[in-house]
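Could you build the full structure based on these sequences and the hints that come with them?
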Amino acid sequence: MRFLPVFRYRFRDSMYSTGVVILVMVVLTALCYFGIATFGEIPRTDGSGEVIMESTTMNFGMPVAIFMFVLAIVTIREDMRLGIQNGAGRGTVFLANTACMLVTSVAINLAFFLLTALWNQLDTGVYIVDVFGALYYNQPFLASLGELAVSSTALLALSIFLAALGCFTSLMYWRLNKLGKWVVSIGIGAVAILFTSVVIRFRPVALALGRFLDWLLATPWNLALASAVLAVAFYVFARLLVRRNAITAATV
Amino acid sequence: MAIELKNVTKTYGATRALDNVSVSFGGGMVYGLLGANGAGKTTMMNAITNRIWSDSGEILIDGERAPGNDRALGKVYMMAEANLFPDSMKVDGALKLTRSFYPSFDMDYAMSVAEKFALPVKKKVKALSTGYASIFRLTLALAVNCPYIIFDEPVLGLDAQHRDLFYRLLMEKCAESEQTVILSTHLIQEAAKLIGHAVIIREGKIIRDADAEELAGAAYQVSGPAALVDNYLSGLHVLSVNSLGGLKTACVEGVPDEAAAAGLEISGMDLQDYFIGVMNEQEGVK
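In order, the protein sequence lines correspond to chains A and B. Just so you know, the first sequence maps onto residues 15 to 266 in the working numbering. Just so you know, the second sequence maps onto residues 4 to 289 in the working numbering.
Worth flagging that the hints you see were computed from the coordinates, not collected in a lab. From a predicted model like this one, the values you see are computed outputs, not experimental measurements. Any given hint could be a false lead.
Think about it this way: if two alpha-carbon atoms lie no more than 25 Å apart in a straight line, the pair counts; the simulated DMTMM-like pairs of lysine to aspartate or glutamate are [claimed, not checked]:
1. 9/B / 67/B
2. 195/A / 214/B
3. 208/B / 7/B
4. 126/B / 109/B
5. 99/B / 27/A
6. 196/B / 214/B
7. 126/B / 162/B
8. 93/B / 27/A
9. 192/A / 84/B
10. 192/A / 58/B
11. 99/B / 156/B
12. 196/B / 162/B
13. 196/B / 84/B
14. 129/B / 90/B
15. 78/B / 95/B
16. 125/B / 27/A
17. 129/B / 27/A
18. 196/B / 181/B
19. 129/B / 95/B
20. 119/B / 90/B
21. 126/B / 137/A
22. 125/B / 111/B
23. 127/B / 109/B
24. 127/B / 27/A
25. 192/A / 90/B
26. 196/B / 212/B
27. 195/A / 58/B
Quick list of the computed label-pair ranges, beta carbon to beta carbon [unchecked claim]:
28. 31/B / 77/A: 48 to 58 Å
29. 67/B / 224/A: 25 to 35 Å
30. 235/A / 25/B: 49 to 59 Å
Quick reminder that beta carbons are idealized off the backbone N, C-alpha and C, glycines included.
If you want it as structure tokens, here you go:
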């Protein structure tokens, strides 16, 4: 098995990128805090001790999910090339890349969970926005460690889904010829417009979509489950794409 | 123990890059994989290393099916024209990475080869010139020490001095190891001294597969006045004919008939002459 050399290479590279992202986010958070503290207003009370205004800064969730999407896009082809150059089978390389994306997702989500929890402990009066907090708990930030953990788990599942989607997208575009790339690129937009029209025009479709969204927004666990199912599906499709494609060099 | 291709076919649209090819590479010798541009050489090497998937047929490495098989694929290292290393990777990083895949990779040897060629190991792979990119890739291939090494146009962009150095290093390597080498090159004359067995491919089909000496000895050149040459050639297997004024030179397969060749000059052929003769015959150039 040549799993380990591919995994080790990718892990080192991904951890470096993860470190850079964490550093940038921490610096931006600190800058935002000092910006708010200097030019804005930190929580005020009305004298009775009740907070009437709170300031929020940064959101770690979406940048993390987008980072995983981009990381998967840029790494899968590189790993396939490196692997095939060094006598590793396609299945092995794919498995190593997927395993590394999972580990990286866990690592970066855990890092931001801990950073958020730590920030909350600092009691700065400026809070880190939590998208899922707004969606599921009706509050823009999560002070409770339990709610934060649930939100982070949902974000982890979403990150893995986006990594799978990135991997699939990258391999699909690698496999397609020029015409195919055009058709798919334009087709995605066309399908989105068509789907919107269908939802508006056909009430049963709108109701079904509504029911699905209601289910999705009922609890973070539903989002985690949906993300996990989609992640598995996209990784299966991606594996099928790379089964027989030509491993070609990157073009400048 | 060998790389075996059994009835391998690969098509690209209407083009049959490999047409029911069956061939074997083994025995610790240097194979010359010879053919014109577009003959199917690179396709064959890419199929062996699973860079591409053949449409039909079987590729075995030491008896194991190669595609997708780490153990089988790990016995082959291909130095291809295309660079599969990330652009941002430095030369020394690529050497270390290759060592992580091949435990038999000899880092000291790789560094000594790099030094002999004055390869800048701290430079990024993408920043290397065509010649140094070839040197970078052949350094990896020479140091990797696995049972089968494939060189696809290894001296591309190299000057005469560096080409000579590469041939010498490869010769030394082959002398001290049991590696089977597949060498695909258009510079047949330069590489001829290394090639023990020649496989000639044309339009996806193997047209010759024999020891290089046997091939070179299997044909000869006859030259002289056109009428005499025409007379001599009747009934013989003529590969190609060149005319210049009243003189003719023909490449003929077989053993020369010295008695019938009175007034004509008979000379032997080297591998390149033989290759050109066979190609001309196939293309109907007489």
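Hints, one by one, checked against the model:
Using a Cα cut-off of 25 Å, the hinted pair residue 9/B and residue 67/B holds, with the two alpha carbons roughly 13 Å apart. Under the criterion of a C-alpha separation no larger than 25 Å, the hint pairing residue 195/A with residue 214/B is inconsistent with the structure, at around 47 Å. Pair hint residue 208/B plus residue 7/B holds up; C-alpha atoms about 15 Å apart against a cutoff of 25 Å. Straight-line distance between C-alpha atoms of residue 126/B and residue 109/B comes to about 20 Å, which keeps the hinted pair within the 25 Å bound.
Distance restraint check for residue 99/B and residue 27/A: the Cα-Cα separation of roughly 14 Å lies within the 25 Å cut-off, and the hinted pair is therefore satisfied. At most 25 Å may separate the alpha-carbon atoms for a hinted pair to count; residue 196/B and residue 214/B meet this at roughly 12 Å. Taking the CA atoms of residue 126/B and residue 162/B, the gap is about 20 Å. The hint holds against a cut of 25 Å. For the suggested pair residue 93/B and residue 27/A, the alpha carbons sit about 14 Å apart, so the restraint of at most 25 Å is met.
Only pairs whose Cα atoms come within 25 Å are accepted, and residue 192/A paired with residue 84/B is accepted, the gap being roughly 23 Å. A distance of roughly 22 Å separates the Cα atoms of residue 192/A and residue 58/B; the hinted pair therefore holds under the 25 Å criterion. Our distance criterion of 25 Å between C-alpha atoms is met by residue 99/B and residue 156/B, whose separation comes to about 24 Å. The straight-line distance between the Cα atoms of residue 196/B and residue 162/B is roughly 19 Å, inside the 25 Å bound, and the hint therefore holds.
Between the alpha carbons of residue 196/B and residue 84/B the distance comes to roughly 23 Å, so the proposed pair stays at or under 25 Å and holds. With a CA separation close to 5 Å, the supplied pair residue 129/B and residue 90/B stays within the 25 Å bound. Straight-line distance between C-alpha atoms of residue 78/B and residue 95/B comes to about 23 Å, which keeps the hinted pair within the 25 Å bound. About 19 Å separates the Cα atoms of residue 125/B and residue 27/A, which keeps this hinted pair within 25 Å; it holds.
Between the alpha carbons of residue 129/B and residue 27/A the distance comes to roughly 18 Å, so the proposed pair stays at or under 25 Å and holds. Of the supplied pair hints, the one linking residue 196/B and residue 181/B holds, its CA atoms being roughly 18 Å apart against a limit of 25 Å. Taken as a hint, the residue 129/B and residue 95/B pair is honoured in the structure, with Cα atoms around 13 Å apart against an allowance of 25 Å. Our distance criterion of 25 Å between C-alpha atoms is met by residue 119/B and residue 90/B, whose separation comes to about 24 Å.
For the suggested pair residue 126/B and residue 137/A, the alpha carbons sit about 49 Å apart, so the restraint of at most 25 Å is broken. For the given pair, residue 125/B sits about 16 Å from residue 111/B by alpha-carbon distance, which is consistent with the 25 Å threshold. With a C-alpha separation of about 21 Å, the suggested pair residue 127/B and residue 109/B falls inside the 25 Å cut-off, and the hint holds. Taking the CA atoms of residue 127/B and residue 27/A, the gap is near 16 Å; set against the 25 Å cutoff, the hint holds.
For the given pair, residue 192/A sits about 23 Å from residue 90/B by alpha-carbon distance, which is consistent with the 25 Å threshold. Straight-line distance between C-alpha atoms of residue 196/B and residue 212/B comes to about 17 Å, which keeps the hinted pair within the 25 Å bound. With a C-alpha separation of about 24 Å, the suggested pair residue 195/A and residue 58/B falls inside the 25 Å cut-off, and the hint holds. Remark: the range hint 48 to 58 Å for residue 31/B to residue 77/A is upheld by a beta-carbon distance near 56 Å.
The supplied range of 25 to 35 Å is broken by residue 67/B and residue 224/A, whose beta-carbon atoms lie about 55 Å from each other. The beta-carbon spacing between residue 235/A and residue 25/B, approximately 58 Å, falls within the hinted interval of 49 to 59 Å.
Taken one by one, the earlier hints fail for this structure at numbers 2, 21 and 29, listed in ascending order.
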